[in-house]
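Make the full structure from the sequences, and use the hints.
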Amino acid sequence: MKIAIPVDEGILESNVCISFGRTPYFLIYDTETKESVFIDNSAAASTGGAGIKAAQAIVDNKADALLTPRCGENAADVLKAAEIKIFKTTSESIKDNIDAFIEGKLSLLNEIHPGFHGHGGK
Amino acid sequence: MKVAVLSGKGGTGKTLVSVNLAAASAKATYIDCDVEEPNGNLFFKPEEICEEEIAVKIPKVNNELCTGCRKCVDFCKFNALAYIKNKLIIFDDVCHSCGGCSMLCPEKALTEEEKVVGKIQKGKSDQVTVYTGILNIGEATGIPIINRLLADNSVQEDKEIFIDCPPGSACIVMESIKDADYCILVAEPTLFGVHNLNMVYELVTLFNKPFGAVLNKCLEDENPAEKFCLQKNIKILARIPFDASLGALNSNAEIAVNESEVYKDLFSSLLEIVTKEAQNETATDS
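Chain order of the listed sequences is A and B.
First residue of the first sequence: 13, per the numbering used here; consecutive thereafter.
First residue of the second sequence: 36, per the numbering used here; consecutive thereafter.
Just to be clear, a hint being listed does not mean it is correct.
[Unchecked claim] A few chain A residues facing chain B, derived, Cβ under 10 Å: (1) PRO36; (2) THR59; (3) GLY61; (4) ILE64; (5) ALA66; (6) VAL71; (7) ASN73; (8) GLU95.
[To be verified] When the alpha-carbon atoms are kept at most 16 Å apart in a straight line, the in silico EDC-like pairs for lysine to aspartate or glutamate are as follows: (9) LYS97(A) <-> GLU85(A); (10) LYS120(B) <-> ASP108(A); (11) LYS267(B) <-> GLU237(B); (12) LYS122(B) <-> GLU95(A); (13) LYS14(A) <-> ASP76(A); (14) LYS122(B) <-> ASP89(A); (15) LYS120(B) <-> ASP72(A); (16) LYS120(B) <-> ASP76(A); (17) LYS120(B) <-> ASP89(A); (18) LYS122(B) <-> ASP20(A).
It is worth saying that the hints were derived from the structure and are not from the lab.
Everything numeric in this text was worked out from a predicted model, so none of it was measured.
Every residue, glycine too, gets a C-beta built ideally from N, C-alpha and C.
Structure, rendered in structure tokens:
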């Protein structure tokens, strides 16, 4: 199973990024092979609709689940159409969240925010 | 002459100033570009209203023709399209109606359809022509409505046109002031008021517009907005006192210049100063 996580830097020791759509990188982690691949998030520099583009990238990278602290409604619509489940991260550590996910300790992200659209998001 | 009245926040007195300037002028056009909550019409109570719906073009996909080439997805700078599970998803609210996707689509799977986002109303109130832009609730941007309002008034050079802008300094305000000959910045005598005054000051400077400030709600105490104007060398066009009787007129949707000699004088003199300032600028420009 492949999981996607927005991350601040392209290393496993880095932190989960607070933003989904405008995170600098995504980690695509394969729970079977334990392989980590970091991809640049080209949506980060978008004028608008960053969440949609980032979600498209998650779909294209064939992730089955997304682990994120929060997610906007447009991105959530894309992920829902692709049947990708969104789980809420519980700490900053990437590794802790991966472990918690594998142990089935992460719950689904229930609060989908209406998007920041240029107003904050930090 | 086109005069735009703006401020960095709501409630500073944009509508008070623009409505009263239009009423003080002999023959004026008042345009309410504050399309999210237009209220100038409450004062003018215009009659003989003509209404026009404003629509934008939004792409519509025929999934039977779409081959999933994603040219449209890659093209859209606003990321209004996504291609998921062999289906194109279109986000209407994110779309800026540029038409690029349907133009590019090699399969002609995308067509454009109209989506109504609001309306404009035109009416008469004594000598004043009143335009009101109304954005439908839930719509992302009022810019198409403002465009239409201003396009309708683009050629009336001889008329005095007063544009009541939306609050703030975002795209919607830029759209409202872009054709203005002169900008009036309305400011409150508080530190917060100065912060907001600075926002619109930066905007009109960036747009290279001639401008001046109207200090509203003036008390006898120190006025931070006045201090800011002196520091930045901004011309103070008028001072409106913090006056309960003016507040009462406003709350009753009365136009102050029609009800009070004091305010008739104040706004007539403001109109004279603004006209002179605007003409000076035109003279120096040419």
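(request) Below or equal to 16 Å on CA atoms is what counts here, so check LYS120(B) against ASP108(A). (result) With Cα atoms ~31 Å apart, LYS120(B) and ASP108(A) exceed 16 Å; violated.
(request) Please verify that hint: GLU95(A), Cβ, nearest Cβ of chain B, below 10 Å or not. (result) holds (8 Å)
(message) Against the 16 Å threshold, does the CA-CA distance of LYS120(B) and ASP76(A) hold or violate the hint?
(response) holds (13 Å)
(request) Verify the interface restraint on ILE64(A): the C-beta must sit less than 10 Å from at least one C-beta of chain B. (result) This interface hint holds because 4 Å falls under the 10 Å limit.
(message) Is the interface hint satisfied for ASN73(A)? The criterion is a beta-carbon contact with chain B at less than 10 Å.
(response) Constraint on ASN73(A) not satisfied, violated at 13 Å.
(request) Would you check the hint for LYS122(B) and ASP20(A), treating anything up to 16 Å between C-alpha atoms as holding? (result) Violated, at about 31 Å.
(message) Let's test the interface hint: is any C-beta of chain B closer than 10 Å to that of ALA66(A)?
(response) holds (9 Å)
(request) For the hint on VAL71(A), just tell me whether its beta-carbon gets within less than 10 Å of chain B. (result) holds (6 Å)
(request) Compare the distance between the alpha carbons of LYS267(B) and GLU237(B) with 16 Å, and conclude whether the hinted pair is satisfied. (result) holds (11 Å)
(message) For the restraint on THR59(A), tell me whether the closest CB of chain B is nearer than 10 Å.
(response) This hint holds: THR59(A) lies near chain B, its Cβ roughly 6 Å from the closest one there, short of 10 Å.
(request) With chain B as the partner, please determine if GLY61(A) meets the hint condition of a C-beta pair closer than 10 Å. (result) Check passed: Cβ of GLY61(A) comes within 3 Å of chain B, closer than 10 Å.
(request) Have a go at the PRO36(A) hint: is there a Cβ in chain B nearer than 10 Å to its own Cβ? (result) Check failed: Cβ of PRO36(A) comes no nearer than 17 Å to chain B, outside 10 Å.
Hints 1, 7, 10, 18 from the list above are not met by this structure, while the remaining hints are.
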